[in-house]
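A.B. asks: These protein sequence lines map, in sequence, to chains Y and X. For the first sequence, the numbering used here assigns the number 12 to the initial residue and increments by one for each residue that follows. For the second sequence, the numbering used here assigns the number 3 to the initial residue and increments by one for each residue that follows.
Think of the hints as simulated: they come from the structure by calculation, not from any bench. Even glycine gets a Cβ: it sits at the ideal position worked out from N, Cα and C. Fair warning: there could be bad hints in the mix.
[Claimed, not checked] Per label pair, the in silico range of CB-to-CB distance:
{"no.": "1", "chain 1": "X", "residue 1": "43", "chain 2": "Y", "residue 2": "33", "range": "15 to 25 Å"}
{"no.": "2", "chain 1": "Y", "residue 1": "33", "chain 2": "X", "residue 2": "112", "range": "29 to 39 Å"}
{"no.": "3", "chain 1": "Y", "residue 1": "18", "chain 2": "X", "residue 2": "55", "range": "38 to 48 Å"}
{"no.": "4", "chain 1": "Y", "residue 1": "68", "chain 2": "X", "residue 2": "43", "range": "25 to 35 Å"}
{"no.": "5", "chain 1": "Y", "residue 1": "31", "chain 2": "X", "residue 2": "31", "range": "30 to 40 Å"}
[To be verified] BS3-like mimics (lysine-lysine), calculated; alpha carbons at most 25 Å apart, straight line:
{"no.": "6", "chain 1": "X", "residue 1": "51", "chain 2": "Y", "residue 2": "55"}
{"no.": "7", "chain 1": "X", "residue 1": "107", "chain 2": "Y", "residue 2": "68"}
{"no.": "8", "chain 1": "X", "residue 1": "51", "chain 2": "X", "residue 2": "110"}
{"no.": "9", "chain 1": "Y", "residue 1": "55", "chain 2": "X", "residue 2": "107"}
[Stated by the list, open to error] With the C-beta cut set under 10 Å, the calculated list includes, among others, these residues of chain X facing chain Y:
{"no.": "10", "residue": "32"}
{"no.": "11", "residue": "34"}
{"no.": "12", "residue": "36"}
{"no.": "13", "residue": "38"}
{"no.": "14", "residue": "43"}
{"no.": "15", "residue": "46"}
{"no.": "16", "residue": "51"}
{"no.": "17", "residue": "96"}
{"no.": "18", "residue": "103"}
{"no.": "19", "residue": "104"}
{"no.": "20", "residue": "105"}
{"no.": "21", "residue": "107"}
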Amino acid sequence: NAGVTQTPKFRILKIGQSMTLQCTQDMNHNYMYWYRQDPGMGLKLIYYSVGAGITDKGEVPNGYNVSRSTTEDFPLRLELAAPSQTSVYFCASGGLTDYTEAFFGQGTRLTVV
Amino acid sequence: AQSVTQPDIHITVSEGASLELRCNYSYGATPYLFWYVQSPGQGLQLLLKYFSGDTLVQGIKGFEAEFKRSQSSFNLRKPSVHWSDAAEYFCAADGGSQGNLIFGKGTKLSVKP
Numbered sequence: 012n013a014g015v016t017q018t019p020k021f022r023i024l025k026i027g028q029s030m031t032l033q034c035t036q037d038m039n040h041n042y043m044y045w046y047r048q049d050p051g052m053g054l055k056l057i058y059y060s061v062g063a064g065i066t067d068k069g070e071v072p073n074g075y076n077v078s079r080s081t082t083e084d085f086p087l088r089l090e091l092a093a094p095s096q097t098s099v100y101f102c103a104s105g106g107l108t109d110y111t112e113a114f115f116g117q118g119t120r121l122t123v124v
Numbered sequence: 003a004q005s006v007t008q009p010d011i012h013i014t015v016s017e018g019a020s021l022e023l024r025c026n027y028s029y030g031a032t033p034y035l036f037w038y039v040q041s042p043g044q045g046l047q048l049l050l051k052y053f054s055g056d057t058l059v060q061g062i063k064g065f066e067a068e069f070k071r072s073q074s075s076f077n078l079r080k081p082s083v084h085w086s087d088a089a090e091y092f093c094a095a096d097g098g099s100q101g102n103l104i105f106g107k108g109t110k111l112s113v114k115p
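Pulled out of the complex, with its shape left as it was, chain X reads as follows (with noise of 0.2 Å):
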């Protein structure tokens, strides 16, 4: 069955520490994948997004992911925390087939000054 797995519910990271949330998924075939952002109480922000090409992605907020085939990841990375990135981090995947997004469960970051 398709699934996406973010193993960490909960990370805490200093201000100005780099920071690694991942994200692993079971498919076919390379999905579709994204990374969104949750404030408390607001919606989803699409942070950045691997359709195909570079494996690098850049996103927003400083915010890059690393697709790896052969370990079936897109593992989110920032080199330096600030304290607004506290949130929910959400990994998503879709396998191209109509309204079939995806999401991991999550990953709460706490910022530590």
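In isolation and in its complexed conformation, chain Y is listed as follows (with noise of 0.2 Å):
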């Protein structure tokens, strides 16, 4: 069972160049997210989905897109990386609201020069 899987774990962008951080669970959960992580500030929310074909904003989702065309797969999408964007990106399962906790990934850490 393997849970959430992130990939890839490391990537160094240049300012202006677009990538996508792909993210698929096997947990067959309906909501999954995706969280920045920059030192001393705690996970912030990017973007959420409540499953397929749907997603909402969270917290900080300006620069990114993300879609969800299958219950697996939750990508997210960075248009013209900014320097603001280097973090640690993690990708989680699960359902809150339905007394599930969140299942992370291993994380993927950007950097954008």
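With the hints as a guide, bring the two chains together.
C.D. replies: Structure below.
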């Protein structure tokens, strides 16, 4: 049982480049989330999804986009990378409103130079 | 505004000593409450959660937490710390609405021999 899988684990981008962070879960969870973690700041919610075809903004959505075409996958897209997007990104799945905690992936460390 | 506060940024305890990590929340009603642990370079792992009922919650790895409504607190405790407990600990709360899991900024625990 793989749980939540994120790829890649590390990536260096140049300013203005684009990339997609992949996230897939095999637990048949309806809810999926993207967080970013910056030192001393905890985790901030970027986007979330409550099911296939449904997404919504979190606390810090600017500069990102998401899609949810299947239950399993929830990719995060950075269109024009900026140094402020240097961070560690975590994908999670679960069902907070049906008494299920969030399960986290191992993270993607992104550096924008 | 809803918030989660972890007053201690960094705590150092001796191996075998007891541990208490503080967490306070600010919500209109009692939220769902969680403690997660993050080892260096890893994702977050759930230690325990509180939804309702008994205010003393047992978790994995010998951790427990006590919910105190009067103090808006959910402190994490362990009677005897092991060197392997060195990690960063995050308190989180969810007000029950989808995708609204808010994290504290974390407390880094160091364990000295």
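A.B. asks: Any of the earlier hints contradicted here, and which numbers?
C.D. replies: When the structure is compared with the hints, only number 10 turns out to be violated.
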